[in-house]
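A.B. asks: In case you want the letters, here they are:
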Amino acid sequence: MPVQCSSCREKRAVLKRPKTGHSLCKECFFWAFEEEVHQTIKAAELFKPGESVGIAASGGKDSTVLAHVMKLLNERYNYGLDLMLISVDEGITGYRDDSLETVKRNQQQYELPLKIVSYEELYGWTMDAIVKQVGLKNNCTFCGVFRRQALDRGAIMLKVDKICTGHNADDVAETVLMNVLRGDIARLRRCTAISTTSEGDGVVPRCKPLKYAYEKEIVLYAYFKKLDYFSTECIYSPNAYRGHARTFLKDLESIRSSSIIDIIHSGENLSVRDGVKMPVQGTCSRCGYISSQALCKSCVLLEGLNRGLPKLGIGKHHRLHDKLLSQQPLTEKEERKLKSVDF
Amino acid sequence: MHTCNLGKYQFSIFGYRLIFLFFFNSRASELLFDGVKEHQVTLPGQSDPWDMKQLLVWIQRNLLKERPELFVQGESVRPGILVLINDADWELMGELDYQLQDQDCIVFISTLHGG
Numbered sequence: 001m002p003v004q005c006s007s008c009r010e011k012r013a014v015l016k017r018p019k020t021g022h023s024l025c026k027e028c029f030f031w032a033f034e035e036e037v038h039q040t041i042k043a044a045e046l047f048k049p050g051e052s053v054g055i056a057a058s059g060g061k062d063s064t065v066l067a068h069v070m071k072l073l074n075e076r077y078n079y080g081l082d083l084m085l086i087s088v089d090e091g092i093t094g095y096r097d098d099s100l101e102t103v104k105r106n107q108q109q110y111e112l113p114l115k116i117v118s119y120e121e122l123y124g125w126t127m128d129a130i131v132k133q134v135g136l137k138n139n140c141t142f143c144g145v146f147r148r149q150a151l152d153r154g155a156i157m158l159k160v161d162k163i164c165t166g167h168n169a170d171d172v173a174e175t176v177l178m179n180v181l182r183g184d185i186a187r188l189r190r191c192t193a194i195s196t197t198s199e200g201d202g203v204v205p206r207c208k209p210l211k212y213a214y215e216k217e218i219v220l221y222a223y224f225k226k227l228d229y230f231s232t233e234c235i236y237s238p239n240a241y242r243g244h245a246r247t248f249l250k251d252l253e254s255i256r257s258s259s260i261i262d263i264i265h266s267g268e269n270l271s272v273r274d275g276v277k278m279p280v281q282g283t284c285s286r287c288g289y290i291s292s293q294a295l296c297k298s299c300v301l302l303e304g305l306n307r308g309l310p311k312l313g314i315g316k317h318h319r320l321h322d323k324l325l326s327q328q329p330l331t332e333k334e335e336r337k338l339k340s341v342d343f
Numbered sequence: 001m002h003t004c005n006l007g008k009y010q011f012s013i014f015g016y017r018l019i020f021l022f023f024f025n026s027r028a029s030e031l032l033f034d035g036v037k038e039h040q041v042t043l044p045g046q047s048d049p050w051d052m053k054q055l056l057v058w059i060q061r062n063l064l065k066e067r068p069e070l071f072v073q074g075e076s077v078r079p080g081i082l083v084l085i086n087d088a089d090w091e092l093m094g095e096l097d098y099q100l101q102d103q104d105c106i107v108f109i110s111t112l113h114g115g
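Chains as they are written, first to last, in my numbering: chain A, 1 to 343; chain B, 1 to 115.
Chain A on its own, in the form it takes in the complex (with noise of 0.2 Å):
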């Protein structure tokens, strides 16, 4: 039996909203969803007009509908703002190659520039080389870490004052779950911040204007817009403990579909109290990113792929920090334990 739409009462309904449970047609369900965006937009002044903004872009649902529904509201709102696409191109055969295409058709279908940096050129390391070295087993660590920086090298690149990644509803949920489980008190403080300020030279302000966005409304969002958009995970293994606080999620969600908003809630919410020991932001002695160590993450990965020792940057090895940036070579003992890379 069809349902009406609850909003303008003339045509079929095609979904239920997860957040406010009302039943929408096509167009008032494209309407509700571009304004809410339009809304965390302007609560949280995210943009000042004249900026210019990169729109991270990997082809995948979040950052197409992402941005096809920026590049709607700067016109629909006269935001003013100058936006392009940055992406990252990790150097993963068969994945990012393809996702890659996507992106250079999204170019082409909302004539945005766009800009591609690969961790090869920034790094001298595809993440297929690294795979190589270090096996399927923290491969993530460095694709994560170097992707971070990636898009900062990216913004800096075009000059753009801020970027705009497509961090959904679920993902925020998932990240302050995920802080949680593992006692990360310093990401559990700034993980549902909806944007970063400059924490630094070489870092570029970021923002999530999706983040009150419920996946289930941005896959049909792109579902019924038709966007043209990549869904295929990445050849290199899941993020496995990522992959159990989604399955988790998911399955309160199937009982209750707030229970999204409402961690999102709880975290905004949750202060640290005073006397809890925080990392302090420094700066890294060799490129000049935030780094709290004197040697930032990527530093040290690329160090320990470059001598070979992959675990260099894989767990705490803050001892060695020194040694590394005088250069002085590492004891046999030490070399032994960052060799072995256990499969």
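Derived from the structure by calculation, the hints contain no laboratory data.
Just so you know, not all the hints are guaranteed correct.
[As the list claims (entries may be wrong)] With a cut-off of at most 27 Å between alpha-carbon atoms, the simulated DSS-like pairs for lysine-lysine come out as follows: (1) B:65 - A:19; (2) B:65 - A:26; (3) B:37 - A:16; (4) A:323 - A:71.
[Stated by the list, open to error] Chain A residues, not near chain B, derived (Cβ > 10 Å throughout): (5) 136; (6) 201; (7) 253.
Where a beta carbon is used, it is the ideal one built from N, C-alpha and C, also for glycine.
Following the hints, position chain B against chain A.
C.D. replies: Coordinates of chain B only, in the frame set by chain A:
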């Protein structure tokens, strides 16, 4: 991306003709359905109308190759898989109790992969 194309198939007195579309990431799709995204099937006739609950059992027995837990959980689909019946959210159509009609088009979209 495909959407449903209704009216493509002739009515059959022997049962229901249905179209399924599965949008999963390529690895899950390979395990579950040998990578085949679109399935046109004819369900055998039975005295009572088919409902979604029975259909999921039928899919599990007849279409799924490996790792059925990537698709079903209990008697429903795994949380995180969206179901559209004739391009409408199945949550509006009674979910498992929905009674299938001839030439229905059912779309399954997995949201359990990266964006």
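A.B. asks: Going through the numbered hints above, which ones does this structure break? Give me the numbers in ascending order.
C.D. replies: Hints 1, 2, 4 and 7 not satisfied by this model.
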